[in-house]
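Participant: Please model the complete structure; the sequences and the hints are all you need to start from.
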Amino acid sequence: MSSLLLYILCFSIVLLAPFLFWNTSAKRKLPLPPGPPRLPIIGNIHQAPKSHAWLKYYVWGKIYGPVVYLNMLGQPIVVLNTSSAAHDLLAKRGGTFSDRPRFIVAAEMALKGMHMLLRPYDERFKLHQKLENLVLCTRSANTYLPFQEFETKQLLYDLLLGGGGSRQVCHGFFERTTASVIYALFYGFRVKTSSDPVLVAAHSVNHEFDQLAQVGKYLVDSIPLLNTLPPFMAPWKAEAERHWGRQRSLHVGNLQRGYESDGWNFAKAMRNYIDQESIEMPIEELALDVGIMADAALDATTETLMWFVVGCITADQIWVSKAQHHLDTVVGQHRLPTFADRPKLPYIDAIVEEVLRWRPAGPAGVPHYTKVESTYNGYLIPAHSVVIANHWSITRDQSVFGSNVEEFEPERWLCSAGEESETTLRALPTIGFGYGRRACPGQHVARNILWITIARILWAFDIEPGLDEDGKPTIIDSMACTDGLVSKPLPFSASFKPRGDWARNVIQNECSTHDSDFVGILAKIGGDLGSN
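Those letters in the sequence shown? Residues 1 to 532, by the working numbering.
Since the hints were made in silico from the structure, they are not lab data.
Hints may be right or wrong, so weigh each one.
Calculated lysine-lysine pairs in the DSS-like style (CA-CA distance at most 25 Å, straight line) [stated by the list, open to error]: (1) Lys-237 <-> Lys-112; (2) Lys-153 <-> Lys-192; (3) Lys-524 <-> Lys-126; (4) Lys-192 <-> Lys-472; (5) Lys-62 <-> Lys-50; (6) Lys-217 <-> Lys-488; (7) Lys-322 <-> Lys-92; (8) Lys-192 <-> Lys-268; (9) Lys-56 <-> Lys-217; (10) Lys-130 <-> Lys-371; (11) Lys-524 <-> Lys-130; (12) Lys-112 <-> Lys-488; (13) Lys-130 <-> Lys-488; (14) Lys-497 <-> Lys-472; (15) Lys-126 <-> Lys-92; (16) Lys-130 <-> Lys-268; (17) Lys-524 <-> Lys-268; (18) Lys-112 <-> Lys-130; (19) Lys-217 <-> Lys-237; (20) Lys-371 <-> Lys-29; (21) Lys-56 <-> Lys-488; (22) Lys-92 <-> Lys-130.
Per label pair, the in silico range of CB-to-CB distance [as the list claims (entries may be wrong)]: (23) Leu-30 <-> Tyr-259: 51 to 61 Å; (24) Thr-338 <-> Pro-473: 27 to 37 Å; (25) Glu-260 <-> His-334: 34 to 44 Å; (26) Ile-42 <-> Pro-146: 55 to 65 Å; (27) Glu-407 <-> His-203: 28 to 38 Å; (28) Lys-126 <-> Asp-483: 26 to 36 Å; (29) Leu-55 <-> Thr-375: 22 to 32 Å; (30) Thr-375 <-> His-203: 42 to 52 Å; (31) Ile-318 <-> Lys-217: 42 to 52 Å; (32) Leu-55 <-> Cys-415: 26 to 36 Å; (33) Trp-244 <-> Val-59: 20 to 30 Å; (34) Ala-48 <-> Asn-505: 55 to 65 Å; (35) Arg-499 <-> Ala-383: 49 to 59 Å; (36) Gln-214 <-> His-334: 27 to 37 Å.
Where is the CB? At the ideal position from N, CA and C, for every residue including glycine.
Facilitator: Encoded structure:
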């Protein structure tokens with residue numbers, strides 16, 4: 001930090017100290033929620049987790065309860081650690097708790113306020129929700145099933161040919177599959193390899209955005225007054241503007257490619273609605289809406305599949321054998337599982353839900369924000385609080401999921417134990433797709449791709465740890481993961497071995513994909529949805 005910025009920070013604290021002291025010590029009718037002890041003025045900033053914040057929030061939740069209060073240099077933060085607390089506030093009181101805190105550099109400057117995940121909850125946000133619902137509602141999602149079956153055929157073929165080796169190989173296969181489903185639906189073109197230029201460009205831009213969005217990186221996010229400084233004293237302004245140029249180039253380029261592609265896609269459907277309703281919207285705004293949806297879906301779905309592989313290798317293998325028994329009984333050994341089999345395979349749905357619970361891809365969620373004072377269970381939630389639904393704690397709520405929350409156990413999602421009676425999913429809280437008016441609009445599409453991918457992999461392959469240099473199985477730490485909005489397992493190796501010659505033969509016979517099939521599937525989707 002430069003001496004000038006250090007001087008400004010100290011000066012700002014001196015100016016703000018009387019307000020902060022008054023704000024944290026003023027008499028209230030109700031107490032604040034419990035939390036770790038705070039120091040005068042700085043609050044809990046000295047206790048702020050430097051990484052993997054969800055783990056620290058979980059520990060605090062065990063000590064202080066379902067609602068934990070923190071104060072970071074005058075900024076109130078409320079952490080929700082149970083499903084009931086998150087549902088009560090973020091869903092039932094969505095009108096109060098659906099906003100977002102300010103991200104001055106990452107959201108307002110680098111993306112001109114057009115990032116859907118970070119937009120404030122206003123009329124423009126509602127318009128974009130309506131646009132997204134046109135292509136992501138349950139009815140629309142069900143029309144995409146043939147294309148998801150189509151792309152998972154190539155995945156099985158890829159795993160058959162190169163299924164032994166490093167995480168990078170495995171991750172590349174999953175990412176290509178997920179990306180091809182997403183980019184075909186969103187823009188009308190397939191992704192045939194994990195080294196496709198469109199994926200390389202997306203990785204580069206998204207990595208740069210992650211750096212911009214790091215909490216605490218820019219002092220201006222905590223002291224907005226600094227944004228009035230001239231550019232030569234505010235280097236973040238030039239960084240944000242450069243990033244905006246890259247974001248615009250990537251997403252507008254993909255959108256225009258979607259307009260020019262043959263057949264139906266999200267980009268065309270959303271533009272048609274905008275034209276029909278005479279809505280004024282710059283091309284950058286629509287491009288960012290479609291592009292951010294694609295980015296979020298790609299990361300979260302790919303990493304959930306990677307966590308599924310970790311679960312297959314590190315968790316009790318009984319559930320894998322049980323799933324394969326169900327698949328063998330319903331599907332047999334002469335064809336691939338399809339969505340038509342889904343009503344008879346609730347155990348696969350249970351596995352999908354358990355992966356989302358056991359290792360949520362977004363363990364700390366995306367923070368909400370409330371502009372007004374509120375109360376909950378006898379506690380005061382101050383106005384201008386950042387509200388965090390800590391998915392890691394919520395997925396470990398023993399009052400909901402039982403005492404064995406660290407185990408991978410699909411049975412918890414089924415109505416009763418016993419093979420013959422496991423036919424219906426229990427109405428447990430769904431995990432990983434947000435709450436209320438901020439819930440992920442793509443969750444139906446995501447669950448479908450997870451279901452068909454997991455069903456086909458378990459039908460076709462046994463998954464084992466990779467071997468080390470001495471030929472011994474590698475040891476994988478199922479808790480080892482990256483930090484950030486999306487939590488990724490650290491590098492590991494895995495081997496996908498066909499369960500028999502019958503699996504190898506079916507894959508070789510059924511799993512060659514052709515672009516002619518792809519064009520026909522998209523044309524049928526457009527016809528089913530009544531759009532060109």
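Participant: Decide, hint by hint, whether the structure agrees.
Facilitator: Against the structure, the hints:
Taken as a hint, the Lys-237 and Lys-112 pair is honoured in the structure, with Cα atoms around 12 Å apart against an allowance of 25 Å. With a C-alpha separation of about 12 Å, the suggested pairing of Lys-153 with Lys-192 holds against the 25 Å cut-off. Proposed proximity of Lys-524 and Lys-126 is contradicted: the alpha carbons are some 29 Å apart, above 25 Å. Restraint check for Lys-192 and Lys-472: not satisfied, since their Cα atoms lie roughly 33 Å apart, outside the 25 Å limit.
With a C-alpha separation of about 20 Å, the suggested pair Lys-62 and Lys-50 falls inside the 25 Å cut-off, and the hint holds. Annotation: proposed proximity of Lys-217 to Lys-488 holds, straight-line Cα distance about 22 Å (limit 25 Å). Between the alpha carbons of Lys-322 and Lys-92 the distance comes to roughly 38 Å, so the proposed pair goes past 25 Å and is violated. Distance check on the hinted pair: Lys-192 and Lys-268 sit about 22 Å apart at the alpha-carbon level, within 25 Å; holds.
Using a Cα cut-off of 25 Å, the hinted pair Lys-56 and Lys-217 holds, with the two alpha carbons roughly 20 Å apart. Between Lys-130 and Lys-371, the direct Cα distance comes to roughly 24 Å. Compliance with the 25 Å bound is thereby established for this hinted pair. A distance of roughly 23 Å separates the Cα atoms of Lys-524 and Lys-130; the hinted pair therefore holds under the 25 Å criterion. As the CA atoms of Lys-112 and Lys-488 are separated by approximately 28 Å, the hinted pair breaks the 25 Å bound.
A threshold of 25 Å between alpha carbons decides the hint, and for Lys-130 with Lys-488 the separation of about 31 Å lies outside it, so the pair is violated. At roughly 16 Å between alpha-carbon atoms, Lys-497 and Lys-472 fall within 25 Å of each other, so this suggested pair holds. For the hint linking Lys-126 to Lys-92, the alpha-carbon distance of about 18 Å falls within 25 Å, and the restraint holds. Among the hinted pairs, Lys-130 with Lys-268 is consistent with the structure: their alpha-carbon atoms are about 15 Å apart, no more than 25 Å.
Taking the CA atoms of Lys-524 and Lys-268, the gap is near 15 Å; set against the 25 Å cutoff, the hint holds. Taken as a hint, the Lys-112 and Lys-130 pair is honoured in the structure, with Cα atoms around 21 Å apart against an allowance of 25 Å. Between Lys-217 and Lys-237, the direct Cα distance comes to roughly 13 Å. Compliance with the 25 Å bound is thereby established for this hinted pair. A threshold of 25 Å between alpha carbons decides the hint, and for Lys-371 with Lys-29 the separation of about 19 Å falls inside it, so the pair holds.
Taking the CA atoms of Lys-56 and Lys-488, the gap is near 18 Å; set against the 25 Å cutoff, the hint holds. With a C-alpha separation of about 20 Å, the suggested pairing of Lys-92 with Lys-130 holds against the 25 Å cut-off. For the hinted restraint 51 to 61 Å between Leu-30 and Tyr-259, the CB-CB distance of approximately 54 Å keeps it satisfied. Checking the proposed 27 to 37 Å range against Thr-338 and Pro-473 shows it holds: the Cβ atoms sit about 33 Å from each other.
Checked against the hint of 34 to 44 Å, the C-beta distance between Glu-260 and His-334 comes to roughly 41 Å, which is consistent with it. Under the hint 55 to 65 Å, the C-beta atoms of Ile-42 and Pro-146, about 57 Å apart, fit the expected range. The given range of 28 to 38 Å is respected by Glu-407 and His-203, whose C-beta atoms sit roughly 34 Å from each other. Restraint check, Lys-126 to Asp-483: a C-beta distance of roughly 32 Å satisfies the suggested window 26 to 36 Å.
Between Leu-55 and Thr-375 the Cβ separation comes to about 29 Å, which falls inside the hinted range of 22 to 32 Å. Checked against the given bound of 42 to 52 Å, the beta carbons of Thr-375 and His-203, roughly 44 Å apart, stay inside it. The supplied range of 42 to 52 Å is met by Ile-318 and Lys-217, whose beta-carbon atoms lie about 45 Å from each other. Checking the proposed 26 to 36 Å range against Leu-55 and Cys-415 shows it holds: the Cβ atoms sit about 32 Å from each other.
In this structure, Trp-244 and Val-59 break the distance hint of 20 to 30 Å, their C-beta atoms being roughly 38 Å apart. Checked against the given bound of 55 to 65 Å, the beta carbons of Ala-48 and Asn-505, roughly 56 Å apart, stay inside it. With their beta carbons about 58 Å apart, Arg-499 and Ala-383 fall inside the hinted range of 49 to 59 Å. For Gln-214 paired with His-334, a C-beta distance near 52 Å fails the hint of 27 to 37 Å.
Violated hints, in rising order: 3, 4, 7, 12, 13, 33, 36; the structure is consistent with all others.
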